[in-house]
Amino acid sequence: MSIVKAVTCPVCGSLCDDIELTVENNEVVKVKNGCAMCESKYLGYKSEHRIRTPLVRKDGKFVPVSMDEAVHKAAEILANANYPILYGWSSTNCEAQRVGVELAEEVGGVLDNTAVVCHGPSILSVQEVGIPTCTLGQIRHRADLMLYWGCDPWSAHPRHLERYTSFTEGRFEDSAWKAYLQKVKAAAGKKKLVSAERLEFVKSRPRPQTQACTISGPPQTLKKDGRKLIVIDVRKSMTAEMADYFIQVEPNKDYEVMQAIRALVRDHELDVDKVGGIPVEYLEEVADALVNCNFGVIFFGMGLTQSAGKFRNIDVAISLIRDLNRRTKFAIMPMRGHFNVAGANIVSTWQSGYPYGVDFSLGYPRYNPGETTCMDVLLRGESDASLVIAADPGATFPKRAVEHMVKTPLIVIDPHMNATAMLADIVFPSAFVGIEVGGTAYRMDNVPLPLKKVVEPPAGILPDEEILKRILEEVRIIKAQKMAKQAEAA
Amino acid sequence: MVQPKLRVTLLTGRTIEQGVGKEQGKSSHGYFEACSMVYMDAEDMKKLGVRNNTNVLVTTPNGSVVLKAVKYTRGSTPGLIYIPYGPWANAIVSDSTTSIGMPSFKGTPAEVEAAPDKPVLSMKELFKSQFGR
Chain A
1 MSIVKAVTCP VCGSLCDDIE LTVENNEVVK VKNGCAMCES KYLGYKSEHR IRTPLVRKDG
61 KFVPVSMDEA VHKAAEILAN ANYPILYGWS STNCEAQRVG VELAEEVGGV LDNTAVVCHG
121 PSILSVQEVG IPTCTLGQIR HRADLMLYWG CDPWSAHPRH LERYTSFTEG RFEDSAWKAY
181 LQKVKAAAGK KKLVSAERLE FVKSRPRPQT QACTISGPPQ TLKKDGRKLI VIDVRKSMTA
241 EMADYFIQVE PNKDYEVMQA IRALVRDHEL DVDKVGGIPV EYLEEVADAL VNCNFGVIFF
301 GMGLTQSAGK FRNIDVAISL IRDLNRRTKF AIMPMRGHFN VAGANIVSTW QSGYPYGVDF
361 SLGYPRYNPG ETTCMDVLLR GESDASLVIA ADPGATFPKR AVEHMVKTPL IVIDPHMNAT
421 AMLADIVFPS AFVGIEVGGT AYRMDNVPLP LKKVVEPPAG ILPDEEILKR ILEEVRIIKA
481 QKMAKQAEAA
Chain B
1001 MVQPKLRVTL LTGRTIEQGV GKEQGKSSHG YFEACSMVYM DAEDMKKLGV RNNTNVLVTT
1061 PNGSVVLKAV KYTRGSTPGL IYIPYGPWAN AIVSDSTTSI GMPSFKGTPA EVEAAPDKPV
1121 LSMKELFKSQ FGR
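Going down the list, the protein sequences come from chains A and B. Okay, so the first sequence: first residue is 1 according to our numbering, each after it adds one. Okay, so the second sequence: first residue is 1001 according to our numbering, each after it adds one.
Please keep in mind that the hints were generated in silico from the structure rather than gathered at the bench. Treat the hints with care, since some could be wrong.
[Stated by the list, open to error] Straight-line alpha carbon distances no greater than 27 Å define the calculated BS3-like cross-link-like pairs of lysine-lysine that follow:
1) B:Lys1124 x A:Lys183
2) A:Lys399 x B:Lys1124
3) A:Lys73 x B:Lys1124
4) B:Lys1124 x A:Lys46
5) A:Lys223 x A:Lys274
6) A:Lys407 x B:Lys1128
7) A:Lys253 x B:Lys1071
8) B:Lys1071 x A:Lys191
9) A:Lys399 x B:Lys1128
All figures in this text were calculated on a predicted structure; none of them were measured in a lab.
Based on the provided sequences and hints, a complete structural model is requested.
So, in structure tokens, the structure goes:
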């Protein structure tokens, strides 16, 4: 039995690097410090859902084949395709992503990563207006106001608050954890009292009706010292329950609300009562809190990128930060989902010049979101083969896009039998990155962190990088043979 | 008798159960339980005559799917339904990318009706009906 400390968790974009794993007989048996998803990954990686050998679909059923046969078949599909899609890349290391770019260039395909259904719109906005951002370390030590807009870190990045924002002990800012616990205890006490009154154990007393927000000033919770947590979302999420202030915006109205806050931050008056279903007084309170903090951060998620307006929502969020920086200090950060989606953007940019949706079909990289993004290629029914690695479009793409993917030959590289693998023609089992393979991954603030190899992969199971290298080599051989044949015929 | 239908706004997104399920394995029971459901507002459920954990049929211009309706207990969300990301949500989400590559996963119109007798399909059954695989 051995204990491995400071392991980087390969689940979400928070990339917590303080995980402690107990390893026994080449298996992870205990996880310390991790969240529910982290535990599920480290204890579930060896489950029955693991793919054990390469599989090829014959007569509608999967048949196990040798690695060489699977590599040859996959390479044949890619080498003969006119316009293949190479999608995924976000749950693997940068080393594999680099080989992926080379493969995409070799086969003249569309290289796209999960940002297309995640923070693709954020990237578009950043390209238009830039991004004033910082690292999570700065936020941990200095930020005294966090605003989560359209995201629910409690569900998607469970340790984000605890490690980087409100509930962490920074050098210059204290944790708001104790205050939160007191709030929870007080609420529980109040609940008990109400139920005792209802059951007539105690005499009920008239209590003044307390409102979350009043016109006379911000609620007590926003006046408090120390770190403040504001959540703006379309529904009261778990994160919203923890917040000092929560504002419920109508769906698809984030753009208006943000523009209204921008106007208020610039000291304009609004001549309407409500914006996006929110009384203007509430927005004034938020604007006051934003202007009066020392260092604030806005974190935003899919609530902005996937609802009406999409990249325009991010445009205006970044513009709000620009406005706020005239009054105080502010930064903004997207809540990246997959643990290495930021790395996929970085590797793709470093190698091809573009972060996602890169089309190599003309022999040089081209980028035109809406045209060269794999979602649009699939919906237009243009691709004639797909390679999916380290992502699961079968569970994340709209039905019509998957429909076209399934119509054409589909190659999947994944450790688990995921939704896409179930629909595939060729399936490669791969080693778990961050458990059985090391490498580099980029955190949501674009800080690269090393991933650790803690156990050996099962016999015969290769890392993504190795599988891709073999396919690339085979593609080159097939293409050379084809050219030799053509030359002979000529 | 005509079934009452409710016009709502469809949201899809993450839940912690979906996150745990996806790490366990997409074919795990946990993932099925976490994703083949829809969070609804308590008042909306009353309007439809739907009780907690009974099945409903959600329809959009892109298709329809049977899901288990679960009451949302953290505050009210009248006129909103929330389906965790997964193949069930994908069966009905809007695939309009507005020419920027991103489908409209949130904030699209939908209709809900009670469907206590219709079963929720497993991922295999759903794929078989959608893609023939």
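So, going through the hints one by one against the coordinates:
| no. | hint | verdict |
| --- | --- | --- |
| 1 | B:Lys1124 x A:Lys183 | violated (45 Å) |
| 2 | A:Lys399 x B:Lys1124 | holds (14 Å) |
| 3 | A:Lys73 x B:Lys1124 | holds (25 Å) |
| 4 | B:Lys1124 x A:Lys46 | holds (22 Å) |
| 5 | A:Lys223 x A:Lys274 | holds (23 Å) |
| 6 | A:Lys407 x B:Lys1128 | holds (13 Å) |
| 7 | A:Lys253 x B:Lys1071 | holds (24 Å) |
| 8 | B:Lys1071 x A:Lys191 | holds (21 Å) |
| 9 | A:Lys399 x B:Lys1128 | holds (12 Å) |
Hint 1 alone, counting from the list given before, is not met by this structure.
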